Structures are given as structure tokens and as C-alpha cells.
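Respectively, the protein sequence lines represent chains X, A and C. Just so we're aligned: the first sequence equals residues 30 to 331 in the working numbering. Just so we're aligned: the second sequence equals residues 12 to 468 in the working numbering. Just so we're aligned: the third sequence equals residues 932 to 1220 in the working numbering.
If you're looking for bench data, these hints aren't it; they were derived computationally from the structure. On a predicted model such as this, the values are computed, not experimentally measured, just so you know. For each residue, glycine too, the CB sits at the ideal point set by N, CA and C. Among the hints, erroneous ones may be present.
Computed footprint of chain A on chain X; a stretch qualifies when at least three of its residues, placed anywhere within it, have a C-beta under 8 Å from a C-beta of chain A [claimed, not checked]:
hint, segment
1, 80-91
2, 112-124
3, 213-227
4, 279-293
Listed here are the chains, written in short residue letters.
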Amino acid sequence: MEQQRTIRKRGKLRIREDHISGYLFIAVAMVVFLLFTIYPLISAVITSFQNYKPFGSTWVKLDNYETALSNKLFWKACRNTLVYTALTVPLSLVIAFIVALMILPFRRGTQSFFKSLYYIPAVASAVVTSMVWLWIYDSSDAGLFNQLLTFFHLPTQQWLTSSKTAMLSLVLMALLGGNGSSIIIYIAALMGIDNTYFEAAEVDGATFWQKVRYIVLPLCKPTTLFLFITGIINSFQVFINAYMMTGGGPDNNTTMIGLLIFNNAFKYGKYGLACAQAILLTILIAAMTAIQFKVAGSDVEY
Amino acid sequence: MKKLLAMLLALTMVLSMSVFALADGEVISDVEDTITILAPPIITDYTTHLQGWIEEFNKMYPNLHIEVTPSSWDDNVSRLSTLCLSGDAPDIANIECQTLGTYVDMGVAIDITDYMPEGRLEDYDESVLGYMTLDDTLYGLPLYVSIQAMGGNKAMLEAAGVDVEKVQTEGWTYEEFLEAIEKGTTDDCFGFVFANAGITTTDFVHIFGSVAGLSNDFTADLKYAYTSENMLNLLKAIEEIISSGYMPNYGVEAGTRLVMLETGECMITGKAMPLFESNVNTNNAGIADGTAVEGSVEVEYVFLPCPIMEGATETCYGMANAFLPLRNKNTTDEHLKNVMLFLDYICSGEPAAKTAGDCYLSAVCESGREAQASMTLDQSEGNAAAAARAVSLVVAPPSGVTGEQSGIANTIMDEIIVPKMQALIAGETTAQEMYDTICEEAFAQFGEENCETGFIS
Amino acid sequence: MAAKGLYSQHHHNPRMRLVRNLVLALILLSFAGVVLFPLVYMVSWSFGPNVKMSSSLYTVFPRKWTLDSYKAFFDFSPYSLRWLLNTFIMAAGTTVSNVIFASMAGYAFAKVRFPGNKFLFFLILVAMMIPYQVTQVPLYILLVNKFNMSNTYAALILPGCVTSYNIFLSKQFFSGIPTALIENAKVEGANQFRIFWSIILPMSKTVLAVMAINTFVGNWNTFFWPFLATTQDSMYTIQVALKTFKDASWTLLSPMMAGATISALPMFILFFTLQKYFLEGVTVGAVKG
């Protein structure tokens, strides 16, 4: 009895100590956050209710939101962004996972070699990458993909300039372009799986696919969730591809919300409207993320 | 002691000012002042040239310090917007004039007439000042007007029966143009290629629009122009050229069109400027030493005006580049006068001559043209004549357009016309459908009575 | 070695293993060829001639190989080397501060119980969702107008010195560490800092290395904020400087590619230095219970 009380007492003390150290651990991060993220966030929220002018903004209540929501193009852009996200995020995760799995059985040196090969493209700047992709997708016979099609006697395509293929082209570019860091993160997760799991499975006569299905996938769940959520966030904000490659066309089939926000903020000087659209986008992303956490289930510890 | 010194200093300043005022009949302040300028690379090494001009300027006004912030060409607009929105705009910024409305709307643009040095405004071509005017208010000074039309391969054009010299000096009709590109189209060569994919679609609409007599977003009586019959004619013409195979039935990237010209895969290309003569000549020279584009052939570049449809008035699309004074936290009347002194200096005389000259353009102010008289361009006679003619055909936006109207026009261009044009090129919509969509949107935004639906002659 | 057990080792049939690995290698190599293509273009054109170009070049290799463009890159400005140094200082500063502070915060959110834990983490996630276009203006007002920090390393480093992404990343990894391990240490009297320093960090080299390389590369390539925060060419980062190779009508293609290639080198070096940490297995991704 006496003993139990001391333990409980010590437990309480522990908890309080934990509180303090918890706050100390996050102190620097939170200060940075307040200044460089929360402050801009609050500022954006305030601006979204204004007709913003650097000298003399006026309050316009919900006008910016009404303008944003009543604009047909905004909805089309939402749809495009959703389609783009729904295609790129899961597919690039699958690709990263498969590549990571394929790299796994090799010896150290070979592993490093392949990891480097797949990570290195991340160092190329967006300018270089988009220059090269414009050539790859050029609709004339000089385009790289079209040269390939001609070689196989197939009809050439109008990659970025036809409504049928423009969105798919941007998706393909994302799939082939930016998986380096996902692969690295997946490999780190895979390397961390304890071999005893597999040994036990081996004894039970499990096949390769069974091991992937019942050991690797569940154990990689926090990693997958992380990549999925950050992937969704990035993909919802994407605009540079539409900005540099298609200008949103043809027929606004590749106009992303990010492009509208960019144009309103930096091209038309409608900063209040841009903020309203950004807040709406944030709400949309937050909703998607919340669903993700729910769907991911309760068996993962966050 | 300090106070006394300060008072003495102030007294000397006042005294010297009044002395100057008495001497010249004009107040020249020698109070120290710093002027900031955000300068994108308008021409190669622009900031280097700018430093030289600042030295010259400082010989006259040693009290005015100029701080240059170099910018990049592609991202200058985003940077400038951010600075303006932060209330930290540079004193002087460079813009393409169709974006003027943005800065007027933000409340950072400034009516320059009150701050302009006495008698200096007359130096600038009045017609060009229209580009910097919104709501009858003048907001900046022009640096040059880039004339944008078409360019061609002289040998091919002559083989197709075109009298190049006559076209360069007198212009041509749309029928003549159509006949030429029909003859110029072979299995390995398009008669006509215009960069019209992605973000270049806007240029295509503006420049090729002049073929149908569309010179600006608004007509002289301030009605929206892209709902006119001229627009429908233009769209139908584009539809016809593409379906006949004289022009690629896909969007062409900006880089591709020049490659096609340099490799003999097209006869006429756009958008093209007089400056391209230099680009093509560089490539010709590179054929020997291996620095030219793969598959290049020797091409003699000719700058051509856009053809003109029956009943329409010939114009040339011009894009004015200008310097604007902008409002920031430090802006005062006295400061603005200093700002305009320097702004006027770099937009006129020798600096204007050099900047425009490097773009193979003539200056748009009297003093600039005088300074240019002594410069020689590496330009063929025919191209020089065609360029001079094009300059005379440029029509500035009608005066009286408001910032709001110009803003709506820009949005319709980006969100309706450009995407639909891309669809038209890809054969996914028809000219009539596209025209109807534009009308529907424009009527909703401007009101039908403010849109021109007849023919603009 | 950890995780090797996923694949059958084919102990009875080494040839089978060889064939399997060859097939895998072949697939990996051909896919890598596609992925690497932009990089090949970048490197090969960096050996192209130092001439102004007005059009894109639709060939993989230049017709004439020279080192002129590298020379041109270094001659382009007296600050060419300084740009690399500036970028390095920005990227390294950001990386170090992220590795320290983001991992600390990540650990606290994952394993330390304190009131507001869930809410603050949620806030951090939401912050990540705000598009950057609308945060640049307040950020500029704060750092440049209020703190007067333009053209300083502080202005370049501060906005990214602890990112949501890195906190989230480290939290996910730390969640996988068995709580029992921490509880045991507590019973033995260790405080949280001690636990973090001597138990958690040594187990987490991989995630820290991943975080470091991602942060470094991300900052090395970042453009818009340094573009806003620097007004003197002596303070440019390499990405800002590379953009000045293009003016209204010309591009110095090969010197630009040479610059891009040179600027990629430090990232290669860092990547290979950190390589060994990527290979150490850690226990990640544990399931509750």
C-alpha cells in the first residue's frame, strides 16, 4: 500500500517533469513557428477579409471568399488539383516503395550506387528540369517522346497542348521526376525492420508476397502515412509545372489552385483574394489530411 | 553645440538653395537623397551600363545617391509585387506596360506630371505616353516600344513568289499571306509557325490579332474589343490555316519556332522582332564552328509586318517597356522630384539610345533618337525599313481606360482567351464556340453595352 | 543484416540469386536512365560552347565539347565563388538547426506527454498547408522591414531553421521507438534530455541523415526567398545568381548549365558523406501494442 503510493507520487512528479521538458524540447521550434509561420498565417487570414492595399486597406467582410467561390475557374482548378493529387501521390508512393524494395537485396556498395542514382535527380534545379521536359513533351516531331513514337511507327501526340494528354503529361513528369527523397525514406524504414520477423515468417513457409503484405507494409505504415500526407500537401500547392509548362491550358485543363493564387498575389495584385483562396485551399488540405489520419486507422501510434 | 551646428547647417542649406533659386529661376536642392531602383536585365549587362550612367548623372547631381538592385528577367514581376505589397516598393521599377493597372490598383503608382522636371515631358513621343496612361493619368516614362510581328526566311519567301522588299515597305494583305504560306508548305516545311504553346499563347493573340485589326484590348470609344466581328474573323482564319496544314496543328514552344526557322523547317515565324536578325546571324556564323543548332542551314532573316484583312486598319503590336516611380514608406514630394530627375535621365538621351538600340529598336524620345543617329546597327537595309515602318504603325491603348477595366481585360485574357485558344489550336473547340464563350464572359464582366460587337474598321 | 530476410537467400541455389539480382539491377538501371535524363542534359551541356543562345537546343550532347563555359561562369562575376559560399552557409546553417531543433520537437511530440501536445502538433501540420505565395509578404515585412535584415545570412537562414516537414518526419520515426525503452530509462532515473541524448539520438542516425540531406538539398535549390532577401550581388545564393544568366532575349545556356553542375557538386559530396548512415538500420514503424 505504502509502496504503491510512492510509485504513484513519483509518477505524478515524473509527469510534471515531463511537461517541463516537453515544453523545453519544443521551445525553439515554437518560437520559430510563432514568428515565421503562425504570424504569416494570421496575417493571411486577416488579409483575406480585406481589399488589401499597402497604403490603406479596407475591410470587405466576406467579399473575397464570395468572389473566390463564385468563380467557375476556381472550381475547375480545385477539380484539376484533386485529379492531379489523386494520380500522383499514390502512384509515386507505389513507385518509391517498389524501387526501395528492389534496391534492398543488394550488397552495401551496390545499394549505395542505386540510392545515389535515384536521389541525384533531386539536385537538378526546377529551371533545368522544366527545360528538359519541355523538349521531351514538344508536340512537334523534334519532341523526344514523339521521336520515340515515330521510331515505333506510332502516331505522334500533342503532349502538353491537347486536353486529352496535358494533365497526364504533368502527372507522368511528377512520377518520373521527384521520388528520390521518398525512396531514401522508404529504404531507411525498410532497413529498420528487424530480421527476426522474416526469420519467423520463413519458418512458417511464408512467400515473398506474404512477407511484404503482412510484415513490411504494416511496419512501414508510419512512413507511408508521412509520405502520403506531405505528398498531398505538396501536390495541392503545386503550381510551378502549370506555370512553366502549360500556362494552365489547354482550356484550363491544367490550371491548379496554386497557379490562381500565384497570379492573384503576384500578377494582378489582388492580394486579399489570393489570401482568401489560400485559406480555402488550406481548409481543403486540412480536411484531406484529417481523413487520412482517420483512414490510416488507430493501430498506428502517432 | 550640436544644436548650433545643425542650425548653422540648415541655414547654409536654405541660403544656398535660395541662391540657386535666384540664379536659375529654379530650385535645385542639394539635400542628400537616396533613390532605389529595381533593374531587371532589360538588355545584356544592363546593370553595368546603368552604373556608368549613374556616374554621369552624379556629375550633375552629386547629392543624389542611386542604389541599384539587380533583378532577374523571369521573376521580376513576382519580386516587384511582393515589395509593393510590403510597402517597400523601390523608388523606380521597370514594367511591361500592360501590367500597369496592377500597380495603379494597389495604390503604389504615382501621377508623374507634377514631379516631372520642367519642360522635359515634351521630349517623349506623345503617342507612346499613352501606354503609361490609365484614367487619363500619366504614371511613368517609356524606355522603348518593342515591335512584335513576324520574321521569315528570305530565300524561301522569294521562292514562294513573295516580293519581300515590297512587303517590308508597303505591308501585305491577308490573301497574299495565305497564298504565300500555302506555297511555302512542303513535306518538310511549314509555311507558318507561331510560338503559341503554354505561356506564349498571349503573344499569339496580341500579335496575330493585328491581322484582323485588333490593336488593343479596347476600342477608341473604350469598348472591349475581343467581342467584335474582327475577333470572330481572326479565330476563323486561325482555324482555316491550321486545318489546311499550313501551320502545325499543335502548340509550338517558344524555342522551337526559332530552331525551325534556323533549320529551314518553316518559312515564316512569329513572334519575331527586328533583333532576331542578330540571333539568326549568330547561328549562321556558328554553322562553321559547330556552335549552331543541329541541322542549321544558312538563313537570311527578314523582318515582316503582319498581313491585314480586308476592311481592317493596319497596325503593329507594340509592347512598351517603361520605368515607373512607386510609392513606399519614404515617399515625399521632394523625394519624388529627385526620383523623376533620375528616371527621366535613364529614359532619355544616351541611356535610352543604348537600351533601345541593343534591342534593334529606335528610341521613343527626341533626345534618344538624336543620340542614336551616331550609332550604327548591324542590320540589313530592308529590315531597318520594315522596323521603322512598324514603329509608325504602333497604336497605344486609347486614353481613358481605367485600372479596373484593364484588370478585367487581363483576367479574361489569362482565364478565357488563352486557354480557349490553346484548345482551338489543338482542334478541340471551334472558332464560333470560342467566340461565344468570350462574349458570354465579357458581357458578364463589362456589361454588353461596353463590349464592341460590330466590326472595327 | 537487418531486413535481408525479406528476400529468399537461395542458399541452395546461388545461381538463382545471381539471376534474380541481375534482373532487378537491369530494371533499376533502365528506370534510373529515364529519371537521370535531365541531369545528363545539364552536365553534358555544361561542356557546350560559351555563346548566347536564343533558342532551346534539342540534342542531348553539344557538338563541340569545351571547358569555356566553366571559365565563363567563374569570370561572369567577381562573386562567383562567393555565391557558392553563401549558398553553403545558408544550407548548412539551416540543416544544422533543423537536425537539432526539429528532431527535439519531433521527439517531444512523439514521446513526451505534456498538455497541448496534440494541439500544437496539429497547428504545425496546418502551418505546412498554407501556400507559400501568401506568406512571403508578411515574412518580408517582418524580416526586412521590421528587423532590417536584408542581405544578411540570418535572413536567409531564419525562416527555414525549423520546418514543419522535419518535425513531422522525425516524429514519425521516433513514434516507432518502443515506449518501454524510454520508461525503463526513466525508472533508472534518467531525465528526458539524457534519454534523448544518449538513447534516442544514437538510434536515429538514419532519420537524422535523411533529414540533413533533404534539408540541405531543399535549401540549396530554394530560389524565391533568397531572391527577395538579397539585394546585393555579393549576397546572392547560387540559384539567384543563375537566374541572371538569362535576359530579355538571350540565354547563356552553357555557362548556366556549368553553374548548375558546379552547384550540384556540394550536394553530391554531402550525399556520399552521409551514405554510411543511410545503411544503418533503425527500428522504425513500430505498431502499437
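Against the structure, the hints come out as follows:
1. 80-91: Holds, because 5 residues of the segment 80-91 of chain X bring their Cβ atoms closer than 8 Å to Cβ atoms of chain A.
2. 112-124: violated (count 0)
3. 213-227: violated (count 0)
4. 279-293: holds (count 7)
Violated hints, in rising order: 2 and 3; the structure is consistent with all others.
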